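With the hints as extra help, turn the sequences into a complete structure.
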Amino acid sequence: MDDGGGGFAAWRIVFALSLGAWGALSLVAPGKLSVLAGGYNLAKLATLSSLALRVLPRSIPILINVALATGIGAVVILLDGHLRVLRHKSNPDTLKAVQEGYRPDTTTIPINHCVFLLGSGGHTKEMCSMIRKQFPPSPNMHRRYIITSGDSYSAAVMNDLERSIKIDLTKKTNEDSPAKCGTYDCYLVERSRRVHQKWYSAVWSTLESTKPLFKALTGHPTYSHPGKKWPDAPNVVVTNGPGTGFVLCFLAHLMKVIYLAPQGSLKIVYVESLARVKTLSLTGKLFHWTNIADVFLVQHPGLAENYGKVYAGFMVDTTPAPS
Amino acid sequence: MAKNKPTTAQSPVAEAGAAASQPSHVSPPPKTCLVTIGATASFPSLLRDSISPAFLDCLIVHGYRHLILQCGPLVESIDNCLESSSTSPSSPGTSAPVSGFSRQPNPPGYFTYTCPSEPRPATYPNQRRLTIETTSHFQYFPSVVKKCVDSGGVLVGHAGSGTILDALTGGARMIAVPNTELMGNHQEETAEEFGRRGMVVRGEIGRLVEALEYSEKTPVLKAKVEAPAAEGDLAGTRGLDLMDVIGALALSGANPIEFRRQVGIEKYYSS
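Protein sequences appear in the order of chains A and B. If you're matching positions, the first sequence starts at 1 in UniProt numbering and goes up one per residue. If you're matching positions, the second sequence starts at 1 in UniProt numbering and goes up one per residue.
If you are wondering where the hints come from, they were derived from the structure by calculation, not from laboratory data. All values derive from a computational prediction rather than experimental measurement. A few of these clues could be false.
Below, computed lysine to aspartate or glutamate pairings styled on EDC-like, alpha-carbon distance capped at 16 Å [unchecked claim]: (1) 278/A / 244/B; (2) 278/A / 192/B; (3) 147/B / 133/B; (4) 96/A / 244/B.
What follows is the structure in structure tokens.
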């Protein structure tokens, strides 16, 4: 920066920009973690863009130069973060242990906060069937259901699920203790692609749906588990095929990339729909290409072979319900 | 229900056999057929097929008295369709009296279809009428499925995973008709795969009658084996449990030390 004013102004602009970003971030997701993450990302961005500024040619106008440098810095940060998160994905042995019959005892963590995305019709039905199949007594679990709005069916199925979880547990443990079911709440969002909707109009509605999804990932419930620390981010995010599911998991991934969530949280589970036998659905393909899911499960052996995924058998409950 | 189920599934055969042996007018209890297009996408061609005279005649021949149509947003148009065919024979000069539809006076969504010719088999001698009920959606689908199963009837629906799951958990015979207009035509695969496993009967638009005939011939659902028995299965073939997977991931992320202790450290690091 020996040529005086220009370089100095650029520094100031970079700092002002990143300060603004930090402020915006803190407003959107208030909390200790977001401030720290903001500070860390800010420092990184400033360093990287000042480096980029030195490399960029001086002949072009300074504002464009600064914008370019900031852009380069941001891309490098995101790419680096993305690779870091991929490196620290769940160990495949975690799944292997479950396949070998390991049943985890999650009461050793304060709160097990899981987010389930209920898409529409069949997706919802499958998800609820999978949750209900062998629901263990879990007093420290908090389930958050994300329901796509205008879908009264999903809400009805969710209520049905919660009721049957209660009944099942009461039967299983032989005691009347609804506390063992844990707690739940639900969020409503706009769905990102309606059936038969064209892809270009789907892009806009997808972008619109990110804000409520982000709220669903960061929001605390209106009531809290007394005496327990609420986790900074959900422990697990589960989705099984609706398009909104990818947006949700991409947001979750992004939160890990920019340090908005601790690395051990927001584990992504994708279960391919029972309806897919030979080819992956569009959402499944997106997960396949981006490789962001910690666990990718399919329910048909041919599909597992075609894409090299874990064959999980029928995870849904197909046995006739006793009544 | 689990105990009663095999008897309800086999009852049509048993009753038919009894009726055939003694040619009196003792007919089996009337059956209910349920046609559903699911909650999400609409499927007009299935509905159009299921109110075609050929299919309705076939239903009557097999002892059905009641047809429930779940039409979703199409309920208006189907009602209009039935309405127009029920009024057309009365108005002079229009189509032949082939369509034996008539509107029932008191409950609004109800129609009656009368088979124009004499019913062919001797099993159901004095029955030519079928009540058609239309509705946009069900309040609680499993209870409707149960009603259908208890009567020994069949469930006709699109090959969506939700409907198939409802049929399986309800213990219903199902004809799954793939809706070919959906993304990547995936319902074709689904219907084929579940048909191969004997969990549903695969139907086709335009060939619903054949599927019904086949389904009536094989009333006992083979699909009561609870998990896939394909080659290369997991040990136990029961399928992974989602809650176990979630628990293991949450624990390994939030408290890795405890997770390793639970699994056993040597197992966690092996291979």
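Here is what the structure says about each hint:
1. 278/A / 244/B: Roughly 26 Å between the alpha carbons, so the hint for residue 278/A and residue 244/B is violated.
2. 278/A / 192/B: Holds, at roughly 11 Å.
3. 147/B / 133/B: Satisfied, since the Cα-Cα distance of roughly 14 Å is no more than 16 Å.
4. 96/A / 244/B: Answer holds: residue 96/A to residue 244/B is near 11 Å, not above 16 Å.
In this structure, the one hint that does not hold is number 1.
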